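Student: Sequence:
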Amino acid sequence: MVIEKFETLGVRKDGTELDLEVTMVPIPFKDGPASLVFLVDTSSQKAKDDTLWEQDARFKVIFMTASVGMALVAMDGTPILVNTALTEMLGYSEAEFQKMTFSQFTHPEDIQKDMKLFKEILGGKRNAYNIEKRFIRKDGLAFPCHLTVSVVKSPSGKPHYVVGVVEQTSDRVAKLAV
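The sequence shown begins at 2 in the numbering used here and counts up one residue at a time.
I should point out that these hints are in silico values taken from the structure, not numbers from a laboratory. All of these numbers come straight from a predicted model, not from anything done at the bench. All C-beta atoms in this analysis are idealised placements derived from N, C-alpha and C, irrespective of residue type, glycine included. Do not rely on the hints blindly, as some may be mistaken.
Lysine-lysine pairs mimicking DSBU-like chemistry, simulated, CA-CA at most 35 angstroms apart [to be verified]:
1. K49 - K31
2. K6 - K61
3. K139 - K114
Cβ-Cβ distance ranges computed for the label pairs, FRET-style [as the list claims (entries may be wrong)]:
4. M65 - D140: 33 to 39 angstroms
5. T170 - K117: 16 to 22 angstroms
6. V41 - D15: 46 to 52 angstroms
7. Q105 - E8: 46 to 52 angstroms
8. K6 - K139: 49 to 55 angstroms
9. V62 - E8: 26 to 32 angstroms
10. S104 - V38: 55 to 61 angstroms
11. D15 - A35: 27 to 33 angstroms
12. S155 - E18: 33 to 39 angstroms
13. L19 - K114: 54 to 60 angstroms
14. K126 - L10: 50 to 56 angstroms
15. F30 - S155: 38 to 44 angstroms
Build the full structure now, drawing on both the sequences and the hints.
Tutor: Here it is, written out as structure tokens:
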């Protein structure tokens, strides 16, 4: 017995089209084979899927083409996704960022104040923070930035990840003596 499943377009009595999922189950009868057919209207789910796809596409375009550095960061401080501006600003590839925590590209003197605020987000004491801090580029040069961090919560209200926005506040960079 082979069950067939496929999608097709149907037409309602009023002439409007609908998306259908068709499942055909063969049934053997002594007079010959027959099929039990199930039709499921998937139009509303397809519309939701299309809307989600469009929202996702819009987000990616905005995120990746922003002129400021942006990162989606896991709750352990590891970047999940970084945009082009941030990779150019700090000199690391997206793959390199995903193997680091933000403390690895933060000036040592600024790590403690940033970690304190980040822990407050983890603990639910705040939803966002802004600080002036220095980042360290891959080539070892440090530069000042304004960092805005906002929490993104799951539907249950728990912090899911954070969004970091980095704006370089000076064209001046300095070799770090660490």
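Student: Does each hint hold? Answer for all of them.
Tutor: Hint check results:
With a CA separation close to 44 angstroms, the supplied pair K49 and K31 exceeds the 35 angstroms bound. At most 35 angstroms may separate the alpha-carbon atoms for a hinted pair to count; K6 and K61 meet this at roughly 33 angstroms. Simply put, K139 and K114 have alpha-carbon atoms about 22 angstroms apart, close enough for the 35 angstroms limit, and the pair holds. M65 and D140 have their C-beta atoms about 23 angstroms apart, which leaves the hinted 33 to 39 angstroms range violated.
Separated by about 21 angstroms at the C-beta atoms, T170 and K117 satisfy the suggested range of 16 to 22 angstroms. The hinted range of 46 to 52 angstroms is not satisfied by V41 and D15, whose Cβ atoms lie roughly 19 angstroms apart. At about 47 angstroms, the CB distance of Q105 to E8 agrees with the hint of 46 to 52 angstroms. For the pair K6 and K139, the supplied restraint of 49 to 55 angstroms holds, since their beta-carbon distance comes to about 50 angstroms.
At about 29 angstroms, the CB distance of V62 to E8 agrees with the hint of 26 to 32 angstroms. The hinted window of 55 to 61 angstroms between S104 and V38 holds, with their beta carbons roughly 60 angstroms apart. Here the CB-CB span from D15 to A35 is close to 30 angstroms, well matched to the stated 27 to 33 angstroms. Between S155 and E18 the Cβ separation comes to about 36 angstroms, which falls inside the hinted range of 33 to 39 angstroms.
For L19 and K114, the Cβ-Cβ distance of about 57 angstroms falls inside the hinted range of 54 to 60 angstroms, so the restraint holds. Distance hint check: the CB atoms of K126 and L10 are about 53 angstroms apart, consistent with the given range 50 to 56 angstroms. Checked against the hint of 38 to 44 angstroms, the pair F30 and S155 fails, with Cβ atoms roughly 51 angstroms apart.
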